[in-house]
Structure formats: C-alpha cells, structure tokens
Amino acid sequence: MSLISEIDFGTPVSDAETTVTVTIDGFAVTVPEGTSIMRAAMEAGIQVPKLCATDSVNAFGSCRLCLVEIEGRAGTPASCTTPAGDGMVVKTQTGRLKKLRRDVMELYISDHPLDCLTCAANGDCELQDMAGAVGLREVRYGQEGANHFDAAKDQSNPYFTFDPAKCIVCSRCVRACEEVQGTFALTIDGRGFASHVAAGMDEPFLASECVSCGACVQACPTATLIEKSVIEIGQPEHSVVTTCAYCGVGCSFKAEMRGEEVVRMVPYKDGAANHGHSCVKGRFAWGYTNHRDRILKPMIRERISDPWREVSWDEAVGRVASEFKRIQATRGRSSIGAITSSRCTNEETYLVQKLVRAVFGNNNTDTCARVCHSPTGYGLSKTFGTSAGTQNFDSVDDADVILVIGANPTDAHPVFASRMKKRLREGAKLIVIDPRRTDLVRSAHIKADYHLPLLPGTNVAMLNALAHVVVTEGLVNEKFVRDQCDGDAFADWAAFVARPENSPEAASHFTGVPAETIRAAARLYATGGNAAIYYGLGVTEHSQGTTTVMAIANLAMATGNIGREGVGVNPLRGQNNVQGACDMGSFPHELPGYRHISDEIVRGLFEKDWGVHLDAEPGLRIPNMLDAALDGSFQGLYVQGEDIVQSDPDSKHVIAGLQAMECVVVQDLFLNETSNYAHVFLPGSTFLEKDGTFTNAERRINRVRKVMAPKGGMADWEITLAIAKAMGVPMHYSHPSEIMDEIARLTPSFSGVNYAKLDALGSVQWPCNDAAPEGTPTMHIGKFVRGKGNFLITEFVPTDEKIGPRFPLLLTTGRILSQYNVGAQTRRTGNATWHGEDLLEIHPHDAEERGLHDGSWVRLESRSGATSLRAHITDRVAPGIVYTTFHHPDTQANVVTSDYSDWATNCPEYKVTAVQVAPSNGPTAWQTEYQAHSHESRRIAHPAPLPAAE
Amino acid sequence: MSPEKLVYMANQIGRFFAHQPEEKAVANTADHLVKFWDPRMRKAILGYVDAGGQGLQPLVLKAVLTLKLNVDSVQARTI
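Top to bottom, those sequences are chains X and L. Using numbering that gives the first Met the number 0, the letters of the first sequence map in sequence onto residues 0 to 949. Using numbering that gives the first Met the number 0, the letters of the second sequence map in sequence onto residues 0 to 78.
This list has only true hints and no planted wrong ones.
Some chain L residues close to chain X (C-beta under 10 Å, calculated; not the full set):
#	residue
1	K4
2	L5
3	I12
4	R14
5	F15
6	A17
7	Q19
8	H31
9	K34
10	M40
11	A43
By construction, these hints were calculated from the structure, which means they are not laboratory data. We put the beta carbon where it would ideally sit given N, CA and C, even for glycine.
The task is simple: from the sequences and hints, build the whole structure.
The structure is reproduced here in structure tokens:
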C-alpha cells in the first residue's frame, strides 16, 4: 500500500470531439480542442510549474508560474489559459522561463513564513514543491518588508483552519467554492497588498455561509486551509479508496491513513459518482468511527430493565440462537424475523435475508427502505419494469429542464446538488415542487423558474394537473408513446388526466398553487428540451407515495423524457446502500433482483443453491412485525444497523411492539434507542472496518474497502455467519467477494459483477451482465425493461390525516445538511456544531398568533403524541405548515408522526401530520420519562474488581 | 392484528384499483393481498369477514373472499 496521488492536469478536461496536435518540448501530443497547453503537457507527462491552477476549477492565469514559450509568438503566455493549437510548438523550459519563474517564486516566498519543518503541510505543499521545481535558492527581498505574517488564524470551523499568513491569494479556494460547490461563500476582499481571502462578510468561516464541504481545503496549495486532523496527526503514509457510508450519492474517497489511524478522508477524483467532490459529512464527519461511545464487546441481559452484561462472542451468539430456536419451537416458524441495514454492505444485507429465508425458514425480512423508498420500487416496477432510477448522475449535465419534487438535495444529497447547481448556472431551467422554500428555490446564482409550494399531501393532484396540461395542450410526445408505450394504457390514462377534476384549476383548490403557475411549469417541462425529474422522500412518504411515483413515471413517458442522457426519473436515495438493500432481497415478498418469492422457478434456483426449502409466502413488513408482536405471533427480531424507535413513525407504537417481544437483538455501533428494548447487543463495524460494496442512487456498485480491523472483533457479515452457524445452518464464505460471487450467480442483473471487475473499472451500474458487461448508465434506451411503458391511472385520494380545530397545522419532517438520519453517527462528530438539536420551523404569522419567539420552547402535539423543542421562526415554511427534523433522540420527533402509510407498501406518511403548536416550558413529561428510561437502559454492569493480592 | 387496521389497509389498496372494471379491480386487489400480505394477516381479515366484515368496501370484500382458497392452500402446505 502506498499513498495514492492523483495526477493534477492543471485545467479541466475538454469534451470537444475534434482534436489538435501540439508539440511540447519535442513530443507530439494530440488532445481535444480547447485543452490548455498545461493540460496537454501533463498528458505527455511534462509538468509545467503552477500554483493557481488545478484541474477541478477553470484556469485563472494569476500566478504567472506556468509561463511557456510558443514558437512564432511573442511573450510568455500562461499555459493554463492558453489553448493548445494544432501545429503549435511549445517549450516549457528555457532560460527566460526559468528566470521568470524564479523571480515570481521569490516574490511569493518573501511574504510566506519559512516554518516548513513545523508546518502541517510539510510534504504536501505545492508552494514548497514549486520552490524546488524552479530551483529557488535565495530570496533577495528578505522577509523584513511588509508582510502578512501576523494575520490571525481562523480556527472556528471544527474541521479545518484558515491561516491567512500562509495564503498566496491564488483564489483556488474561492473558485472551488464557486465552481465545484456552488456556495459562493468565499471571495478575495481588498485590493493589491490588502487582498485576502474572506469568508462571507469577512467573518469567521463558521459564521459565514460556508457549508464545510472541504472543496477549498482540497484546492489549497499551501497550509492556509488545512484539516485539523492533519495538524494533529501529521501527513498520511498510505491510502485506500473506499465509499462513503452516508447518503445515497455514494462518493468515492481516499481514506488517507497513518497505520490504522485515519488522518483524513479525501474525495477521490476518479469516483464516478462524485468526481472528486465531497460534503461535510463524508469529508469530515468520520470521527464517530472511534468515538468513546462505540460498544466493542457483545452484551446480553435477561430483561430490558436489567443492566447490560459484557460477554464473549460465543455466549452472545449462542444466546441469540437458543432464544430464536426456543421462540420458534413454541410460537412457530414465522414468529421471528430480521431487519437488514441500508448502512451495511450489499453482501451483509444479502446474508441477513438469506439467514431469514434459509435458516429462520420464513420471509420475515424487511429493511429501512420500507420507510423511505419502497414506493419507488413498486411504482417504477409497475410502470417501467425495474425498481430503480433511470440515469447516472452525469446525466444532469445534459438536462435542459430540471424538475425537483419532494427533495432537498442541497441538504440531503449535497454532492449531487452541487452538480445540479452547476448545470443550472449554465442555463438549465428549474421547477421546484415543495412546500418549503428550499435552498434550490433561491440561493447564490440559483433561482427556480417556478416554485410550486403545494400543501403537503397533494403531490398526486399536482402531477395529474401537470399531466392534464401536457395532454390537453397537445404536448404529448406521440412518437415516443406510440413506439415505446402500451397504447391502450396510454389512451385510458390520457382520458383520465384530461378530465376537468384533474385540471390545474381544480388542483389549485387542493394544492394552493395558482393554476397559471402549474400550467406554465407543465409547459416548461414538456417543451424545454431534455427534462429530468429528481425526487426524494417528499414523494414517497405519503399515503399515496406509490401513486405519486407512478404519476411521475407517467409524466416522463408522456413527454418522451426517458431513455437518453439528460432526462429520466431519478429517485434520490436516502441512505448509502438503500438501493442495494432493496436489490439484495431485503423485502419480505421478493428474492434478490426483485423476483417475487412465489415464483417457483426463481425460488427453485435459490433452493438448489442454498440447499434448503424456501417458504413461498411473503413475510411481515416492519410495521406488521410490530403489530404481530402485540398479538403474540412475532416474538424475536434481529435488527442489523437500524434504529426503528427513532426513525420509524409513531414511536410509542414501535416501543410497544418491541416491548412485547421476547428477544430483540440489536447489532450496531452504539447503544441506540432501539437497543433500549433489546436483550442482546452485538457490536457492529464501521465502513472502515470491512470489505464489501454499496450501491448508490444511480445503481452504481462501489467497493467498500477495509482500512482497519473491526474494533469489536468481527465485521457485520461475520456476525451473521456466526448466528447462522449457531442455529445449525452454517454458511461458508471466507471473504465478502465470495458472497458477491453468489449474488452474481443467482441474480441476472448482477451476473457480470465481481470484485476483480470492480477493482479494474472502479464501479459498475447494474444491470451488469453479458449484454452490458461494463454496466448500464442509462436504462430503457429504445425499450422499457418491461417491454412497453405502462401508464397507470393515478387518482388523487386526499389523506385521512386531516387538520381541524384541535390540530390546525400540518407538520412535515425532513433532513438537514450536517446531520444524517437518526444522527447516531453525525451527532458524535463536530457536525453537532451546526445542528445541536431539532428545531421547529414555523411561519412568523403562525408564531405571532401563538405568542412564540424565536428560540422559545414549544409543544408540538398530534393525535399520536407530543414532544417539545425550540422554535425557529422563518418564512421558509408557508403559513399553516411547520417543519422539523428527526436527528435527535431528545426530541423524538416521531412520537408525533402518525400510523398512516402508503397503500401499496406501508411506507409511513411522515410528510403529513396534523399538529398544534403551543408555548411550552421545556421537555414534555414523556420526553423526561423516556430519557430517564433510556439512561437506565444503557447501564453496563462491570464485574467488581478482584481484591488486591495480599 | 387489529381488524380496523387491516380493514383500513385493504380499503386503501382497493381504492387504487377502484377505477377499473369490477372484475379486474377485485382480482388486482386480491392479487396485491396475496403478494404482499403475510398469511396471518390474510387469515385475520378473512376471520373478520366471517364475523361480518363491517367497513370493507364492496369490491375489497369480494377480493378478500377470493383469498379463502389461497389461505386454505397455505395452511395445507404449512401443517
């Protein structure tokens, strides 16, 4: 292993199809037209000295170090801003150039501290490298003149420092913030000698609008912007490419290591999902992996009121096996089950569902996709024929119109959002359908052409109205529909959406959005060129979540926006491997590859391979498991890497279900809310401690690579194997690659996937098989997977969760940039600096009516329960709507959410809860009692120390 | 499992297919119940129908009744 050092070509790649040939230092180089001389030289292996250039941002031409001479041209142009021309003859090293560069470097160094030996960037400093490259031997100006050595260091950000004394004002950080991240938080303030990098209004980084994505730190050529972890630990000595374990973007990172200690996570330039960019979570929020709260020893207890007792792995696994077998012996084969984790790898998820089907002998396996994207799977399979998005992330570069519905990508999928914003700055049009004024609606250099702030729960009415305009105004792509869709289904659907009750005028009554705005948005979507739809949980987490997904698919098909780059239907997946968890057969009704368990031929394949008989009946979904626990027919649950007490709706119901079970086994990194009701705790491993794969929102299978030994002694996949063995059905794998080989053997869409290929190609998007050996970036080209695209009738059915005098406001829940899901990881990092508690967003009008002040405690109450939290008064939400997150167990926001769920999948209706908000003095009695119980539940009894020897 | 909850869920499913001709709507509703409901849930709702089936929409009631054969066959397999 060594430290991976990617080549910096200095300027971005040109995507021109025509080429030019240039001779550089005697070597002919052929490059796409528009390529800079600097990049062309690097393509030939010739490194032109540079400071202000890096290939993640456009050329700037300020440092004057990359000068070259061009035959037939006067002067010494900058190679970064000069395009290579056909027939051009370039010299990068002449006597004149050497002198110029040395002079330039002298000036830089005359105002740069000479503390290289104690500088954190020692060994990784481009200024140092360039001083060496140009042969700097003296600084004639000395260091006694005016300088910036005493400029104050900004240490406000939890993860990096800004030391202006070391800044060479190359603007790489400013440009990275603009071009890569799209936040525009940085600028060069002042002129001449006073020029300096300023965050926000020349304020500390933490106080500015900086989102801490790390792009500036990565771009900085000196120690001006540098990770605090590097300052503390020193430079890394080796690195391993792996995949982030946060959101569904699935960014590739280099884990840069010193021994078994992570020094920093650096986004990997060749990562096909992120192309070298990152967000605050993946880049910096990995401190949880060695947090003191990690549980590293297995624990058991007889009753949930007992303290935990640390035991050996054998004893813990033995307890799981004996309890599960006892329960099955007394309650029947179907009385136990498991929840797979979307945070774990494909291989681990596959093993858990295999454990359930092959060892437990039933199909009681479910996953957290139940509460997020299960409607996506159902809706897209019925319309297109496959349960996944249609595009890769790069596709957004070709979109002319972007429709974002029920998604907040700048917070929940930030790296993709940066990509999307870049395309918007290039001129793509934007339609946002969301009750809140998300950052995409209006932020630096971004303004939605149409924001449709609909009332929560009216997505279907809105989409039907958009379709109404498409059909009644003659905007259907008739050729696409005729060639690729089911004609009868289309005719039925077109007649349905054309009805007056689906008109924008009728929809405006439900949605609250003016009909003309709906009409204008529909016209833009249908006629603006390549139109791409991106959606999130604001679509799926409704009683009509599946219907909404179908309505999205209908709209895309009717306008022909499927089957090429720049278009498509793109579900933005929540957790890192939620796509993979679904692919791997985590749902109770289907085997890996989305094949129903009742299919005898498919079941036969698995039975033959696994050597067992499989139950042909679907098993219980998570909410059904909890219901069945209360009636006594479900008594044992193995939960791998989920915290259903905090994440699932109607917390009191979840808790009641868990309390009714005889054996709850939680496998996780930390004691969590669910483990408060568990009898066995098995210490899980982080993504840094195991091998495997994650599949991101674009169906991309990325490698997860182990960089350290599992701190608890076993990787998660090994724990599942141990349980299977203890239950008498051993499974034999010596490495996760063998599990992937089995997945490929049994799953047609994965048949071409293996670790050797992933190592060679970096990643592949499924389907990956004989027909597409290197994967499938865009699906449904020329033909839908199901054959003909299927239009479905999507009647709008208003939710039964109604507002009224007692509960006059609508609560909708969501996520924030710095926190992730239940916060188990991010709360244990510096990210808590930005978001230390859940807040209730409420409109000034609603706040005034209730006598609320910004920051004051409020009681949030629904028909399900009540919690208290602090108010944040903002017009980001409309009057009548309130919003909060669910990242903190102290709030337990899901004690408020209802039991209503999607008709097809039981995905909970998190996004619509009727509530009342009132002033409060602090936490509710339930919160106080819950916290006391939680504290009690986490006691660990340590054996008394042996008496000292006399 | 609470019969009220099962009835509510079954009616939700039926509502999606309600625009279809009755025979097709009944078949699709029944198919959804067979493909996505655990046998004990189907058994419970059948028991509820045997006790009167209050609250089930007519097409859903018909769909549930078609489950009878399926539940019998499951029991035969699992006994």
